[in-house]
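Protein chains in written order, with the numbering used here: chain P, 123 to 389; chain A, 603 to 900; chain U, 816 to 1170.
These aren't lab readings, by the way, just hints derived from the structure by calculation. Where hints are given, some of them may not hold.
Dumping the calculated DSBU-like pairs for lysine-lysine here, alpha-carbon to alpha-carbon at most 35 Å [unchecked claim]: (1) A:K756 <-> U:K1126; (2) U:K985 <-> P:K194; (3) P:K194 <-> U:K870; (4) U:K1097 <-> U:K1123; (5) U:K870 <-> A:K756; (6) A:K756 <-> U:K969; (7) A:K756 <-> U:K985.
Label pairs and their calculated CB-CB ranges [to be verified]: (8) P:V151 <-> A:Y680: 37 to 45 Å; (9) U:K854 <-> P:R174: 31 to 39 Å; (10) U:V1151 <-> A:F764: 43 to 51 Å; (11) A:L757 <-> P:L224: 50 to 58 Å; (12) P:L373 <-> A:T812: 34 to 42 Å; (13) A:L757 <-> U:K971: 53 to 61 Å; (14) P:F171 <-> A:T753: 22 to 30 Å; (15) A:L757 <-> P:F171: 27 to 35 Å; (16) P:A134 <-> A:L757: 17 to 25 Å; (17) A:Y680 <-> U:G924: 28 to 36 Å.
Predicted model, so just to flag it, every value in this text is computed and none were measured. A virtual CB, placed ideally from N, CA and C, is assigned to each residue, including glycine.
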Amino acid sequence: MVKAVPTSVRIATFLFVVLTLVFVLAPLVVVAGVSVSESQFIAFPPNGFSLRWYSAILTSGAYLGAAWTSLKLAVLVTLCATVIGAGAAITLHRRRLPGTVLLAGLFLSPLILPTIIFAIGLLMLWSATFGPVSFTALWIGHTVVALPYVVRTTLAVLAESDPFLEEAAATMGARRWQRLLYVVLPQCLPGLAAGAFFAFNISFDEAVVALFLRTPDLVTLPIQIYNQLEFSPDPSVAAVSTLMIGVTILLILVIDRLLGIQRFTGA
Amino acid sequence: MSLSTNTGSVGTPLLPPKGVSARVLGGIAEDATLSAPGVFLIILAFILPIGQMLLLSIEGASGGLTTEHFTRFLGDSYYLGIVWRTLRLSLLITVIAAVIGFPLAYVMAHVGPRLRLWLIILVILPLMTSVVVRTFGWMVLLGRGGLIPFTLWKLGLVNRNFTLMQTESAIVIGMVQVLLPFMTLSVLGVVMKIDRRLEEAARTMGASFTATLRTVVLPLAMPGIVAGSLLVFTLSVSSFITPSLLGGVRLPVVAGSIYEAATKTLEWNFAAAQSVILLVGVFLVLLPYLKLTGRRHG
Amino acid sequence: MSTIIATRRVVLSAGFGLTVALAALTASGATSPAAAREKLVINSYGGAYEQIHRKLVIEPFSKKYDVDVQVITAYSADALAQLRAQKAAPQFDVIHFSGGQEVVAAREGLIAPIKLNELSNGKDLYPFAVEGLSRGEGPVHAVAAIGLLYNKEKAKKPEKWADLWNAQYKDHVVLTDLSNSYGLLGFLMMNKVKGGDITNADPGFNAVKTLLDSAVVVATSPEMQQNFAQNDAWIAPYAQDYAYTLRKAGLPIEFVQGAEGTPAVYLTANLVANRPNQDLAKKFIDFSLSPEVQAGWAQELRYSPTNKATKLDETVAKEVIYGPDAVAGLIRFDPVAVDANRAALVERWKKLIAK
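Here chain P stands alone, though its shape is the one from the complex:
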């Protein structure tokens, strides 16, 4: 750096970051507070201190089963959406196929339509074609919903990539698959990582498609929470959320320890 960044800018930046974090986290602090409440109903400030809602969740087959279903689903959806989305984004970026613009519209369209219409349509089509819905139906449904996120974030990263790298590789005799694997894909990584993260989250938090495609054996965590909240809301849902926050932090730190997440965020 040539000139130091002015102190006033540094202070302003620091304040900005702190205020943003307060804004983002304040409601979560409230949720964590509610989760240790002793009383039956959701209220803040919490009445007393008790971990009864945590033990209630961790011994509840319904919550654990739903969490397991959601996790399986989100992992499968993330895998599929990332693989399919990577191929789509690379194609769209290269613009070699005729009708690329149309194709782009096709891949991003699930983002714009309200999922409720998609959910009803998919249920109708599936019932008429295959009969009762199943895990596969929900898997496909969530993959469709998650796909645009992967395409979108990967495209944005590719737009900033160096187009001559692939050409250079070609000149030096790299085959198509080598170029794809060693030149193009590494360039996509930050976008794919962000897209995969969104895909996982979308699937894990999605409630509308899951609501319509549910069966007795197929209840996801958001649906389980919704079921609990609609009739008799109690602090257990706050405890679930707090646990999910904790697990997320843990998971990210473990992945970072094992794989080094900085690689994916581009450091």
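With chain P's structure known, arrange chains A and U on it following the hints.
Okay, now just chains A and U, sitting in the frame of chain P:
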């Protein structure tokens, strides 16, 4: 929809003259293979089911074709008001998310990897809580006697019964909180790839910190901001749980209206017509926006 | 060139193979070995309701008939939307509704008619509970009375529906959206009190309009709870069973039947059309109508029985609609007329309350 045309001015790489046609054909075959799974998935699992739903929008009570569902919506100031509120709030949410998200991503890109990881974790945490529970957090903070109204009352700015709940402000606050990660991560992915030497060069040549930010970083970060804005805008247009819980039933938005028509009054034809209108509305809003950013960037 | 594409295909399909293998793994884990038993799929309403539903009906029934009863948690509106979309291959055998959805379901052929003599408990039911059978609907298995909920620590006890407009409750009234069946019934009653009827809702809308400036409008039960617990609500037209739920949660809420009359939400159990297990499904519906089950509902959640033979102890009897005289005082708005006017009423309501 030309959603991809803004992603830069990258053309087909120059190729040596020898064996051109084979290479071009090979390229097309490669790209067709790469995109085939996606094309099949979208057509079979999205266009087909959605198409049959959208066709309902022109189906009359006795089966014939009709435009009555559209005229019912477009001829009614109540529904037009809902559309206006939806677009207005979504644009506001997008702008605020971009104004917070861009500098935040810039800061994230410039701190050490450990701090960056923690910042990312903190920003995405709202996504990991159930929407209803998270919204409850806001209800406590914004409701009558909640932290923010209470502080404002103590400062003598509002009266005691003041509440931010069931206002458009509450919708905007709640939506920005949960959509911010989409913006920040989209921008971060791009900002991380900007060559630091460009900034250094600008500073060497005497540009101030803010000027460098404005003339070097911001234009280069544009694809990320555009990508993030598209995500944030479309997500806020099509979400209904947060708006209905924070804004309440008295501040309806289009997606909520569609949900009601689809499940509560079972008017699927009307729900389909509203979806078509929403689709067209979003497209009309995005079109000039895309052209604008495309020109600036191309 | 083709080998290269083939290579790529291998890479891609390796990814797919992995995911398919994972899916197969999960699918094999999901199927239970008890598939040999007969299976019945029903809906329930979640939370405490579903817990009690399991305890009173589902588990005893499973034991008695050695059946595997599977539950999908789905509220009436969602359940009907799901049933309609699944018309080609319905997954429910018995579907419960609480908002008059059985009228639509019967009209669209989604549910099948039941004959009175197919139900062993049929003869003991009050006439209103079996009146829908002639239209192809299922019987009413429970009743949720609608009246006034009030906070006894903060507000004076209301006596009649008209008290909602009393100045002493100003700024502390909670109204419920018409998309909620409790809200719809509450509104129809306010309309009736103000001199309207189902085809003329002007008096009701005009009267609600005067409340809107100072009232909160909610759409769901949890919002109702939050308003009483957190937001200083004093009075709201809502259901008797929910007053009990709030009381159990520690809130000082009591239920009052308005002097002008008590409308009610009628919970029905319906037989889904085009399912193989209809005989068993009818047995399940019949089981829900037994005096023992209905006494359990009243005891646990304060739903009123529809079976004349139901025996309740004194405390419970006072907190539900019990006995021929009390039942005769129930107001039932014609379900067919309500259904015919529902969409128009909901739309007009939305326009009225929109800011």
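#### Entry: Violations among the numbered hints
Result: hints 1, 2, 5 and 13 break, sorted rising.
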